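Below, each chain spelled out in residue letters.
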Amino acid sequence: MTDYEMTSCLSAVADQLLKEVQKTYQEKTQIPDDLLIALRFVFGSCALQALDLIDKRSVTCVSSFSGRRAYQVMGGSGLLYTCYTSCHYCPCPAFTYTVLRRNDSLLCKHILAAYLSQAMGLSQQETVSDQQMSSILSGRAAATDT
Amino acid sequence: MSFQRKRKKYSKDIKCILFPDDDVKVGARKMGIEPSIITNSASNSWERCGDSFLNTPLIKNLSSSGKKWQHVRQQSPAQAQGGGPHYEEEEPVHIAWSSSDSELSDGEAQAKQPAPPPPSHTGAQQHSRPRGPAASKQSYSRALRRLCTETHCPDDLLKIDPDSDSEVADDVEEENISECGSERYIVEPNQSFPKLTTAEDPDISDYPSDEEGDSADTPTQSCLEAVAVKGGTRSVSDWVRSAQAALQTPQKQTTKNAKTPEDSHKKKITFQRGGLAERLNRLQSRQRSAISFWRHQSISCTNRSSAVHKPGVLVLEVLSVQEESCMQMALCEHHPPATDQHRPPSNTSITTADQDNLSATDHTLPPSGPVRARVLVLFNKETVGQLAPAPGDVIYVYPPWQSLMIDGQHNTIILNTHFSQKVYSDTKQASRVLVPVVKCSPYSLARTFHQVEFNKTLPVGHGIVQKVSAQSLCCIGGSVTRRSSRWDSLLEAIEGLGQAGPLGRGVEVVVQRVYCTPVREQSARASLKSRVLGRSPTVPPSVQNSKNRLCALVQDSYGMFSVVQLHLLPSEDQLHLYSSKWQGRTCILRAIKVVQRVTRERYSRLFSLIDSLWPPPMSLKIDGGTQNVHNDSRPKGPAPSFCYFLSGQESSVEPVEGEPVSTLYLRPTVQTLRDILECELSCHCCSFVATVIHSRIQYHSGDVAQVPGEVWLIVTDPSLQQPEVPPCRRTLAVCMTTSCVLTSSVAKAISTPGVCYMSFRDAVKEHGVILCVEQSVVQLQPLVCCPQTESQGGAVSGSFPQTLQQASSQPVRLDPLSPETSPNSLCTVTGRIVSVDEDTAYSWPICNMCGSDRLETAPQKTKAFHCVACDSLVDRPTVKMHLEVFINCSTVKESTVKIKLQQSTIKSLLNAASPGQEFPGYEVENVLGRELGPLSSYVRMVTRKPTLWISLEEICL
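Each protein sequence line maps, in turn, to chains A and Z. Using UniProt numbering, you'd call the opening residue of the first sequence number 1 and step up by one each time. Using UniProt numbering, you'd call the opening residue of the second sequence number 1 and step up by one each time.
What the hints contain is simulated information worked out from the structure, not anything from laboratory work. It should be emphasised that the depicted structure is a prediction, and the values quoted were computed from it without experimental measurement. Be aware that a few hints might be false.
What the hints assert, rightly or not - Chain Z is faced by these chain A residues, among others (derived, beta-carbon under 7 Å):
hint, residue
1, Asp15
2, Phe41
3, Asp52
Stated by the list, open to error - Simulated crosslink set (DSS-like; lysine-lysine; CA at most 27 Å straight-line):
hint, chain 1, residue 1, chain 2, residue 2
4, Z, Lys593, A, Lys23
5, Z, Lys381, Z, Lys439
6, A, Lys28, Z, Lys593
7, Z, Lys593, A, Lys19
C-beta atoms are modelled at their ideal positions from N, C-alpha and C, and glycine is treated no differently.
Can you build the whole structure from these sequences, using the hints too?
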């Protein structure tokens, strides 16, 4: 295994796990225990919280007519976090601290919830206008207010 | 170990944190500024630190190691001395260790204000002149107190819980984070504080700033010598005592503080019941206790050699270790035990090796041969803490571990390595211990996971939104009606459904019945009421607004039943549509949720229907078998004692194309009323076609007005009317409960006078009364039997309508009144009037045009009325009469029979009493003794105690 492979290994593992989640959920419409344990192992404690967000159907996939998409995740206190499809970023403090600053975690619970809900097809769908989408992407508005 | 080395090591772990003042000082010192200024500010800094020592209880136990003592001595005198050029160089270092970042502002505040008691001892005073031993003791106890209080400082940092569930908490944390914004303040939550405490002695004494380099040692030594001269033995022993306290106290704090990050996880809000999070939480806690138990066991058990021979144990030799975001990845060589059986890789790329599945443990690992397989093993932070994997080590990984194959890569990844044990360390370990693990740079945030999915759903350049809706994802593989993609067992499907949401994969069932249930009580009945009363409705007719939910009783090939609650029907006539489309056919159920599990005891009426479908006409599958067993002699057992209520949408039921009516389907058996009456079963399900000869709606007093309740229908059929057969009841009462849908056509038919024909499907005969319940379908039966209805499963059909038609030409026979007559039934009565209920005998005029009783005396004419309802002059009002009489009936002896007579009967009675006069009024005596009957009457009430008392109402058939 080359150094490059080693470098990207953890994210590759995470990627593969999410694929497994999608595959398994499509086949069995449930996530078996060992996959849950694997998620917990790779994503740490945010796996549990992300699954809780999934259970509460807190993830909304917002799409505009021009094809732009973003995920909006309703946090526990009702704050809405916008996560992007093209890169990993979440405005939540945990992302800033554990992912960006400490590099302790691959993702925050909101991004993981967006991934998992996408893999399981459990995200709410919402279509917004391009104008609304641009304000969502620039962090100014929440789609659910409309 | 030399001081130098230790200091260097810790300086890596603990960043040099200086007071803001100290930064200036260090700089100033470098620039060669006058030492006295530095002394002052440095002693200020120390003073802040030293205050903390004041209240610390002095611990008399002096049993700590001599080494520590030495460090303390090195430290303490220097602080006590305060002044002097040597001290200046060391001072910033001490403070840097002891005061944590988050306390900085506090420290500053305290430095500006007079320090807490005793306030007179400012740092400047202490350090500016040499003090006696007592003073130094006092100042050190203060210093100790400060140290102790400030050891709480890291606690604040430790409390940072980046994974906190609550965003509010996150926000608070953000503040904390921003407070310690500069990189040097970042402290590892789990490790930093223990390190701080274990490292305290050398660090307190000689934590230099990095710039000082090696020259730091010499001043310390000279400082010590100075102390020995100036402080004297007594003060040193005091310092030792206080320093001992300093050494001890933080230890206690450590144990307390170390729990903080763990504890902060326990403030969890409750997870949704049956959710994924709840399941993981349960698994997690189970795993945690398993790990701690295993660790306890693995410490006590030293027999390692035997472990190799246990199946499922991975024997790995570490080749290299890298760290990425608090996980360590070890590239290892897999040494398979000789006994291992290797199997081809399974379909799924993630597999778990556990104790129950030991045979499958190694199958995902590449086979070993001359070239040993390499695997990549992931260790989480806790395991790394225990294991400290390093190249050359041999590590056993005990099951359950998991292996994951990444698409396009050859190496297997081993996950879930909680049960790992180092069995061999490289001999060169000692020299290797300081070699840090290579840390990978963080992965690129622009590299999103699950690329396939994103690319698939993001059309570039097309102005079309492609939604990945819940359904489309759920139904991938499900919408394809391949047999293999379906379940054939409802129970399996429901179990598979788990708590994960709607059922994506289809389950094959046979729709036995389609019916609908009313969603709201008030609906059809409200309009019916207005029609019956013949008034303009006070409540607008709400038949159109009535909501009926479509339901289907389905059965799988194992015999299990479920009720699927589907969408609301916009119009009740559509029931017929769905019946013909679904009933009797094999359908695929999709996107179903479990609503409730119900048992026979609670839903006896539903189970009456299920019992009528049992035993099934074909042999059922048995659990575990996939093939139909064609062995009809095998007993089918009792009907299921429970079933599930499921919910879904219209699209949830999809008939399998091209399949005829299923062999499992049992169509409703139409019985004659005589058959039903003669049935011995106390509670059973029945279907019949009958003539409704009379109907009665019972009202319940509601909040505002009377709420229509049950509808009683008096039915008969030719089997009851035939004169030649042995005597039997001629009519039968059917009660339509409020849970049975009364369609508008049925409501209209029963509210209009005259007989009508109706089909009753799946009514329940309960204790002699036929009830139409939730599952029953009551439909108007066209008198002309069209052959089309024969093929449709929805309506009960047969040869009865024709017979009914023939029978309808003859007058309906009723049972004579008898002591056994039940209420809500019809009978004929003959008798002699013995008394008149004079309290209820009265007459009143009504409008001869519209029938309204709202008449006013006309102002112009004395004998005329003005009708308020139709605004017309009523010259000759119709006179309505109400008369109830008691009769002596020959068929019912020793009882009171009261009958409310109809208008025509009253008239004939009175006219006969006083012929020649049109409206004479009447005398009671003229009526008494008159013979009545035979009259058709409806039994309103029967009271049997203390004596038989029957209230009848004459009806017109």
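Hints versus structure:
Checking Asp15(A) against chain Z: minimum C-beta separation of about 4 Å stays under 7 Å; hint holds. Below 7 Å, beta-carbon pairs count as interface contacts, and Phe41(A) has one with chain Z at about 5 Å; its hint therefore holds. Interface hint status for Asp52(A): upheld, as the beta-carbon distance to the closest one in chain Z is roughly 4 Å, under 7 Å. For the hint pairing Lys593(Z) with Lys23(A), the CA-to-CA distance comes to about 21 Å; that is within 27 Å, so the pair holds.
This hinted pair checks out: Lys381(Z) and Lys439(Z) have alpha carbons roughly 14 Å apart, not beyond 27 Å. With a C-alpha separation of about 15 Å, the suggested pairing of Lys28(A) with Lys593(Z) holds against the 27 Å cut-off. Proposed proximity of Lys593(Z) and Lys19(A) is supported: the alpha carbons are some 25 Å apart, at most 27 Å.
In this structure, none of the earlier numbered hints is contradicted; all agree with it.
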